[in-house]
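Colleague: Here are the chains, one letter per residue:
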Amino acid sequence: MKQTLINSLGSIKREIVNFSRSRKFYLILAAMAIVVILPPFLSNYVVSEVLTRILIFAIYASSWNLLASSGQGSLGHAAFLGVGGFVSALIAIKLGIPPIFALLLGSLLSAAIGVLIGLTCVRLKAWFLAMVTFGFSVIIVTIFSELDDFTGAVMGFPTPLIVDRGLPFYYMTFTIALISILAMYLVMKSKIGLAFRAIHQNELEAKMVGINTGKYRLIAFVISTFFAGLAGGLFAQSIRYIHVSVFDPYYSFLPLMMCVIGGLGTIEGPIVGSVIIVTIESYLPRIDTALNGLMGSLFPAVSNVGPPIRMLSLGLFLLAVVIFAPKGVTPLIKKAYNYLRSNVKEEKT
Amino acid sequence: MITSGLIQALLWGLAYGCIYILLATGLNIIFGVMKLVNFAHGQLLMIGAYIAFTVTTALGLNSYVAILVAMGAVALIGVGLERFTFRRVLGTDKLNEIFVSLGLIYVFENVAVLLWGNTTRQIPSPLQGMQLSLGGVSIRYDLLFAILIVVVILVALFLLLKKTKIGLAMRATSQKSTASMLMGVNIEKVYVFTFALGAALAGASGALYGIIFNFSPTIGALPTIKAFAIIIIGGLGSIPGAIIGGLLYGIAENTAVYFLGGVWQDAIAFALLIIVLLIRPTGIFGEKGE
Amino acid sequence: MQKNLIIIVVIAIVVVAGVVAGWQLMQVPSAEARKIKIGLVAGYQLAEGQDMDRAARLAVKEINDAGGVYVAEWNTNVEIELITIDTENDSPDKSLGPVTQAVEEEQVDLLIGGYTSSGTLANQKVAIDNRVPYIITGASSSLVTRRGPQANYGGLPEDSELRIDDEEGMSYMFHYCTTTADYSATVVKFFAEEMTPLLDSTYEFDASRNLRLAIIYRDDPFGRGVVADSKATIDAEELPIDVVAERSYPTDTLSFQTDLTAIKEAEPDAVYVVDFIANTAEIIKQGQADVELNTVYIAVECCEDPQFYTLLGQYGSEQLLESKFAPYAGPPYYLESIETYVTNYQAAYSTLPGMMGADTYDAFYIAADAIERAGTVDKAAVRDAIESCTLDQMLIITETSKIEFSTGTDYHEIAPVTFIEQLIWNEDVKECRSVIVYPASAEGVGTLKQADFVLPTAYEPGSP
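Chains as they are written, first to last, in our numbering: chain A, 1 to 349; chain B, 350 to 639; chain C, 640 to 1103.
Just so you know, the hints here were simulated from the structure itself, not pulled from any lab data.
These numbers were taken from a predicted model, which means no experiment stands behind them.
Think of the CB as a built atom: it goes at the ideal place given N, C-alpha and C, for glycine as much as any other residue.
Possibly wrong hints are sitting among the right ones.
[Claimed, not checked] Cut-off 25 Å, straight-line C-alpha distance, at most; resulting in silico cross-link-like pairs (DSS-like, lysine-lysine): (1) B:Lys443 - A:Lys189; (2) A:Lys125 - B:Lys384; (3) B:Lys384 - A:Lys327; (4) A:Lys207 - B:Lys384; (5) B:Lys511 - B:Lys384; (6) A:Lys191 - B:Lys443; (7) A:Lys207 - B:Lys443; (8) A:Lys215 - B:Lys512; (9) A:Lys327 - B:Lys511; (10) B:Lys443 - A:Lys125.
[Stated by the list, open to error] Some but not every residue of chain C turned toward chain B, in silico, with C-beta under 8 Å: (11) Ile647; (12) Thr841; (13) Glu921.
[Said to hold, decoys possible] Have a look at the derived ranges for each label pair, beta carbon to beta carbon: (14) A:Ile280 - C:Asp768: 24 to 32 Å; (15) B:Leu493 - C:Leu991: 34 to 42 Å; (16) B:Lys514 - A:Leu284: 47 to 55 Å; (17) B:Pro475 - C:Ser989: 25 to 33 Å; (18) C:Val658 - A:Lys189: 36 to 44 Å; (19) A:Leu186 - B:Gly440: 27 to 35 Å; (20) B:Val428 - C:Leu991: 37 to 45 Å; (21) C:Glu807 - A:Asn338: 55 to 63 Å.
Start from the sequences and build out the full structure, keeping to the hints where you can.
Modeller: Below is the structure:
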């Protein structure tokens, strides 16, 4: 046991050394530099509402990604986002615990609930699991709404903040996101992640090879729901309010969309997906006036055609990605990048 | 404690259950033959309601005749869906079907908003305002008619599956698609027909829904959930299971409200579902192993 | 190769940072004349949000066409620019981002709107922190103006997170809307003053008999709030009303027969339906068609919308609707401004207006008037000007016939008048239309009542 640990640490170290010589490493370093150095020059809105949100949903989407990599596509992940948000806020308020610890406790409780739900799901196939996880999110919403006297969920309430909004919160979130995604990356790269993928590929065969599928499916649930709860706590901080709307099916579909669009199963997929979707949702509404001018007369039944047209496009985009680019948009970006590089190289010679 | 109130609750539960049955049966047929699960099925119900609404109000068609129109139109939409979306992900990662469904939900709901706006509508029925009263209980003719139409459709479906060639092909395919391919069954044709049939049933349930309830572009989500609950309880792939499940669900929903009072009804429904799945991961009547 | 890449990337970062920083510096608000930016906070996924949008655009167009707003500071007339802040379904998580963008990036001068109570409570924080005047035209919870020190925190418990200590910030909040307390009070008073005597005389009941009221409501803060406020008013004013049944249901319920049957068994004289358009129409229909609960139903003011009349069909005949804005009760209308508004709205949008838009429409005129009187777009001055508003009432009737905030207190609410309408079947349009039956008159309007309240033809009273 100890020897295996030393071995795996050693192999990780070798991997890191090798990686640091690769092109990808410099790319990531550059990206991180941008993400760290640029924000003080940007407006408060962009930092607080756009960049911070991208980070939070990158954690959330990555958590969903990890679970899905074990073949368990949850349609009720919003439950954990909400639990994390509510529990961290309620613990901080009612027990007077500093919000940063409340955040951790919220994530732990989310993971605990994840264990329970995961246990009911160990034997279920993809569609049943999807329905059951969705069902659990309905049950959890009902519980929070009914216990409104205690949770204050239905009207909602402002959340106690860990740090001031703006740059302090952004850097805190960045640090947490870095650690979280790195942790999930290490898990996915390890033997555990290998087990996940084996179960996803063919559960029967995985069992035959001796993998304890039940155990690994549960592990996936625990890790995934922990980080989903963490994202939830951060989300409650970022909108400075917590309310039952955090349990909306929209938040269950969001990580799914981000992963599919970015690239399911990869580590950069959820991040790319988060960047794309948050940017679209923050900036695309600005074309509404133009859309209304162009197409308003085609659809007399609606006074503002902007929102339905944008959502329709999102649905079509999702369909297009699933059908034509099942590995997500990231490979296409890579291809484009390589294409440009090879062209530039040719010009040089 | 049989009061007339309880009998009434049973009657209404029966009528509503029938609408769920149609929806669940369509879903079940598609799963049984194609092993495909479409989470956007409820949106087909919604579109069916809107199409029936349009032909009734714009063309002055009788709302019950409009059911046929809705069935046809939604069947065509089903053909399109099968060919252009589901066919391409069939055979790939099971999660892809979920993703496609999700995309379709967004597409359908927003197309409905663009075409019809998001105001609430109702299909006017020629039987509006009329009801049958029998010894203390009364029921709207619309509800009785709905039960009648569902029975007719289910009988027609039964005949189709048992007596026609395509029905035979469908049943063969649902047993084992490789074997039926060897026997000369054109799998592609069967798939398209099956999906269209399932969609037509959804369209019919939508047209009925629109007569009995009012509707808007977002009503598709709840019926989908109920349809899934029904087929999970009744067993994925089993049509008798869907029928019994649908009736049970409709009745249980109404009588539970009678005794318990509303708020927990969704949560209880799901809790029951989860318990059933824990005991039998393929549903009560479901096929063993997969 | 790697080194070159790094150098290129670093240069790129520096350049981008410089450009962005420079652009930020150029965003200084100019001291010169410019358009007045008013942000409309509305949920475009909701039909009410779209009604607010149409009303807003109509108001802005009318004001601009009439020459705009004269700003003394710039010594010129300027136009209003409408900034749409789409909050989708107006929930807290969806509304915070767009409102933040409007306040921090677009730098709006004023905000108008807000529909849900929870969404408004969340997004008003941005306006409070940034000292932006916010005329809240939706949000039935009075907390939106009363959660600060000046209103003693609206009765919120001491440890409630909803309390706001920023007295200065809260002074920028204005509530131009009715609250659940306002309209539930009108409903119960109507029952006490009009219906009880009518019942007593028609059925020869004893004068000491209280009216038997049943309430069926959606199970959420709105429904529960109305029920609580109704009961509070009954107790406080010692009205002769007994609440004989209360049934609540989840908001996504489709079939209400069972709840209605339970209510029928309680033998009420009237049923108060607390829900939005779709469900209320269903309840009134199912009550009469399925359950044969032949009583009189009263709906809340959020049902005052063309959809409601269409969905009800004949089932609405002789039923009641509490309202604050009645585009269907005329012509002739109880207020001339209503006729003008309805005509213009229909001409522009080919549909009748709903009630959410009415408040919004008025709010734009309040804002324009305030800016003119302040002579500047400076937010503190505009806030003071709104506070001292003395415009005549427009689409919403007030107790004093004027639009006045700060009626003796430091939190800004108005004193609206709500009324009760009865629906009458109109054979020509094949829908119901309404007439006002209570109260008899209102300040600045004169006679408000258009007809006497009559018991529905098939009416059956509760037990004697």
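Colleague: Each hint needs a verdict: does it hold in this structure or not?
Modeller: Hint by hint, here is what the structure shows:
no. : hint                            : in the structure
1   : B:Lys443 - A:Lys189             : holds, 23 Å
2   : A:Lys125 - B:Lys384             : holds, 12 Å
3   : B:Lys384 - A:Lys327             : holds, 23 Å
4   : A:Lys207 - B:Lys384             : holds, 23 Å
5   : B:Lys511 - B:Lys384             : holds, 20 Å
6   : A:Lys191 - B:Lys443             : holds, 24 Å
7   : A:Lys207 - B:Lys443             : holds, 19 Å
8   : A:Lys215 - B:Lys512             : violated, 48 Å
9   : A:Lys327 - B:Lys511             : violated, 42 Å
10  : B:Lys443 - A:Lys125             : holds, 10 Å
11  : Ile647                          : violated, 37 Å
12  : Thr841                          : violated, 26 Å
13  : Glu921                          : holds, 6 Å
14  : A:Ile280 - C:Asp768: 24 to 32 Å : holds, 27 Å
15  : B:Leu493 - C:Leu991: 34 to 42 Å : holds, 35 Å
16  : B:Lys514 - A:Leu284: 47 to 55 Å : holds, 50 Å
17  : B:Pro475 - C:Ser989: 25 to 33 Å : holds, 28 Å
18  : C:Val658 - A:Lys189: 36 to 44 Å : holds, 38 Å
19  : A:Leu186 - B:Gly440: 27 to 35 Å : holds, 33 Å
20  : B:Val428 - C:Leu991: 37 to 45 Å : holds, 40 Å
21  : C:Glu807 - A:Asn338: 55 to 63 Å : holds, 57 Å
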